[in-house]
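Novice: Using the sequences and the hints given, assemble the complete structure.
Protein chains in written order, with numbering that gives the first Met the number 0: chain A, 0 to 351; chain B, 0 to 269.
Keep in mind the hints are simulated off the structure, nothing from the lab.
Note that beta-carbon positions come from the ideal geometry of N, C-alpha and C, so glycine has one too.
Mixed in with the good hints there might be a few duds.
What the hints assert, rightly or not - If we take Cβ atoms under 8 Å as the criterion, some of the chain B residues that face chain A in the derived model are:
| # | residue |
| --- | --- |
| 1 | 102 |
| 2 | 110 |
| 3 | 132 |
| 4 | 138 |
| 5 | 160 |
Said to hold, decoys possible - Only some residues are given here: those of chain A computed to face chain B with a beta carbon under 10 Å:
| # | residue |
| --- | --- |
| 6 | 10 |
| 7 | 16 |
| 8 | 232 |
| 9 | 245 |
| 10 | 247 |
| 11 | 248 |
Spelled out, the chains give:
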Amino acid sequence: MTAAAASGHGLAAGYRRFVRRRVLLLAGLLAAVLAALVADVATGPSSFPAARLLAGLLDPSVLGAAERVILWDIRLPQAVIALLVGASLGVAGVELQTALDNPMASPLTLGIQAAATFGAAVAIVFGIAVAGAGATVVVPGFAFLAAALAALALYALSRLYGAGADTVVLFGIALLFAMNALVALVQFVADPDALQQVVFWTMGSLAKATWPKVAVLLAVLALCVPASLRQAAAMTALRSGDEHARSLGVPVERLRLLVLARASLLTAAAVAFVGAIGFVGLVGPHIARLALGEDHRFLVPGSALAGALVLCLASIASKSLLPGIVIPVGIVTALVGVPLFMALILTRRRRR
Amino acid sequence: MTAAETAVLPGLILQDIVAGYRGRPVIDGLSIEPVAPGRLVALLGPNAVGKSTLLRALAGLGSVSGRIVLDGRELTRLPRAARFGLVGYLPQSLPQPTSLLAWEAVASAYSATAPHGFGPAGGAADDAIESVFGELGIAGLALRRLDQLSGGQRQMVGLAQLLVRRPRLMLLDEPTSALDLRWQLRVLETVRGVARRTGAVAMMAAHDLNLALRFCDRVVVLSRQGVVADGPPLEAMTTGVLRAAFGVEARVERCSAGHPVIIADHAMDD
Numbered sequence: 000m001t002a003a004a005a006s007g008h009g010l011a012a013g014y015r016r017f018v019r020r021r022v023l024l025l026a027g028l029l030a031a032v033l034a035a036l037v038a039d040v041a042t043g044p045s046s047f048p049a050a051r052l053l054a055g056l057l058d059p060s061v062l063g064a065a066e067r068v069i070l071w072d073i074r075l076p077q078a079v080i081a082l083l084v085g086a087s088l089g090v091a092g093v094e095l096q097t098a099l100d101n102p103m104a105s106p107l108t109l110g111i112q113a114a115a116t117f118g119a120a121v122a123i124v125f126g127i128a129v130a131g132a133g134a135t136v137v138v139p140g141f142a143f144l145a146a147a148l149a150a151l152a153l154y155a156l157s158r159l160y161g162a163g164a165d166t167v168v169l170f171g172i173a174l175l176f177a178m179n180a181l182v183a184l185v186q187f188v189a190d191p192d193a194l195q196q197v198v199f200w201t202m203g204s205l206a207k208a209t210w211p212k213v214a215v216l217l218a219v220l221a222l223c224v225p226a227s228l229r230q231a232a233a234m235t236a237l238r239s240g241d242e243h244a245r246s247l248g249v250p251v252e253r254l255r256l257l258v259l260a261r262a263s264l265l266t267a268a269a270v271a272f273v274g275a276i277g278f279v280g281l282v283g284p285h286i287a288r289l290a291l292g293e294d295h296r297f298l299v300p301g302s303a304l305a306g307a308l309v310l311c312l313a314s315i316a317s318k319s320l321l322p323g324i325v326i327p328v329g330i331v332t333a334l335v336g337v338p339l340f341m342a343l344i345l346t347r348r349r350r351r
Numbered sequence: 000m001t002a003a004e005t006a007v008l009p010g011l012i013l014q015d016i017v018a019g020y021r022g023r024p025v026i027d028g029l030s031i032e033p034v035a036p037g038r039l040v041a042l043l044g045p046n047a048v049g050k051s052t053l054l055r056a057l058a059g060l061g062s063v064s065g066r067i068v069l070d071g072r073e074l075t076r077l078p079r080a081a082r083f084g085l086v087g088y089l090p091q092s093l094p095q096p097t098s099l100l101a102w103e104a105v106a107s108a109y110s111a112t113a114p115h116g117f118g119p120a121g122g123a124a125d126d127a128i129e130s131v132f133g134e135l136g137i138a139g140l141a142l143r144r145l146d147q148l149s150g151g152q153r154q155m156v157g158l159a160q161l162l163v164r165r166p167r168l169m170l171l172d173e174p175t176s177a178l179d180l181r182w183q184l185r186v187l188e189t190v191r192g193v194a195r196r197t198g199a200v201a202m203m204a205a206h207d208l209n210l211a212l213r214f215c216d217r218v219v220v221l222s223r224q225g226v227v228a229d230g231p232p233l234e235a236m237t238t239g240v241l242r243a244a245f246g247v248e249a250r251v252e253r254c255s256a257g258h259p260v261i262i263a264d265h266a267m268d269d
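Specialist: If you want it as structure tokens, here you go:
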């Protein structure tokens with residue numbers, strides 16, 4: 000223990016230097032995300048000169064009809080949705096990791112994503128349509144319902160058995176297997192058309208992006224992120240441990256429930272529109288944590304940006320790996336995410 | 000509650016406290032003499048006698064019934080936020096070794112229950128945090144990560160998390176368990192100093208009888224049968240009490256500097 004001078008003069012100034020560095024890092028991440036977004040829009044099966052692309056973005060009327068459709072109805076919504084889905088999964092992941100005090104927690108590993116997949120698969124295969132509501136609402140609605148039920152089951156089980164945070168993760172893994180089995184069951188009874196749709200969709204693909212879907216995702220993010228930032232201090236306090244947070248008056252159980260609700264909402268919206276995207280919700284928060292530390296005022300926006308960046312880059316890779324072919328982006332995130340995740344764990348262990 | 004009533008009843012009153020698991024109380028009907036403001040009270044007793052249970056219950060973390068009156072206000076009747084604003088509790092567990100900076104851990108404690116996540120802006124918060132690091136003599140730790148600190152250092156950060164909120168009742172569960180000798184003394188001197196200066200009540204569960212003897216104004220000795228002694232350390236910790244509560248043959252002697260010292264000779268047979 001340092002026997003430093005009893006006076007703490009200049010500590011606040013010292014801490015402000017950390018804050019400035021973190022704000023700069025966040026700005027850097029944002030710049031990287033925007034650059035990746037532009038690069039994502041510029042990549043695609045048909046060639047599109049960069050100058051013409053920029054001109055078309057500023058003034059769509061300079062483009063021909065075909066070019067306008069490619070830019071404004073295909074590439075741009077796809078790139079923006081990649082960004083928003085990455086941000087959603089990043090936020091959901093970091094909140095779950097903190098709430099459950101487990102670095103392996105994420106929408107994927109807790110089975111919330113699989114539950115959303117199941118809900119959406121049911122809606123697709125059984126052609127469920129609610130009066131007046133199109134697929135933009137029904138499929139995500141079912142995905143959310145299933146995700147929320149799964150999250151609630153997780154919460155109830157852990158409350159019922161007085162389980163610690165690590166047991167919740169085990170429940171989550173059990174849930175993941177159960178949901179995967181149910182998705183397989185739905186696929187088994189599906190007719191060939193619906194089956195193809197579901198299979199395509201379990202791979203995770205940006206191909207069906209549209210502007211209304213962008214709007215829904217934006218709305219969900221606009222609902223969840225400010226709520227999450229309002230609880231930043233409580234979440235940061237939770238990093239000291241359950242008992243410590245409780246002793247400060249943080250209602251830990253309610254906080255967990257809210258986090259699970261937000262994570263279900265974010266995951267369901269993301270999964271419903273682009274299918275199952277693995278590892279972004281796990282890797283995004285870890286990148287943010289390495290760069291920004293664990294103060295949630297920085298970590299939450301950082302995870303959103305890191306998640307967005309990872310998925311944008313994955314989207315670029317999915318279009319450029321095989322010339323002329325767009326690989327479903329979920330396959331790319333899994334292939335890239337696993338080694339990236341391993342590397343993160345190993346570097347962290349070495350640093351300890 | 001009127002100002003007059005508050006003035007009449009400063010300090011802490013505990014009456015008929017029942018705490019523990021539902022249907023199986025660990026603390027069953029505990030009452031102690033009122034504690035005057037500014038006092039440091041040691042809660043002593045063998046393992047599993049309910050020291051931690053009592054502290055958690057007083058902190059609002061476990062089920063509890065009975066009267067807990069602090070500075071004239073009955074805690075169990077206060078709204079949650081008001082209660083946690085008055086009471087600070089340091090758990091026996093240490094703050095987790097995360098990549099959080101010590102400063103951030105203390106800042107999060109300061110604003111954990113603020114209505115908006117960013118906490119009070121700048122000035123007041125910075126001053127409060129900075130002065131706590133100075134008070135505890137751990138300014139050198141403030142900008143280091145918790146996962147790079149030793150257990151004892153993290154225990155100090157935990158204490159800073161408690162002190163930064165300036166509670167009127169400080170509940171400390173073995174606050175020196177991870178500390179070396181020098182820091183044990185510093186922590187107890189600091190806690191006693193804060194209590195005396197601010198008129199807050201401090202209650203500490205402890206195993207080290209000699210530290211309690213040396214620093215505390217009062218000791219409450221618990222056994223499975225309830226309170227076996229309650230009073231100034233030298234009056235409360237007699238040979239008979241030590242035998243009854245701890246099951247040891249022990250004596251209280253004076254060392255060459257004149258301090259009373261408890262020397263345990265041997266454990267009694269069951």
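Novice: Which hint numbers does the structure go against, in order from smallest to largest?
Specialist: none
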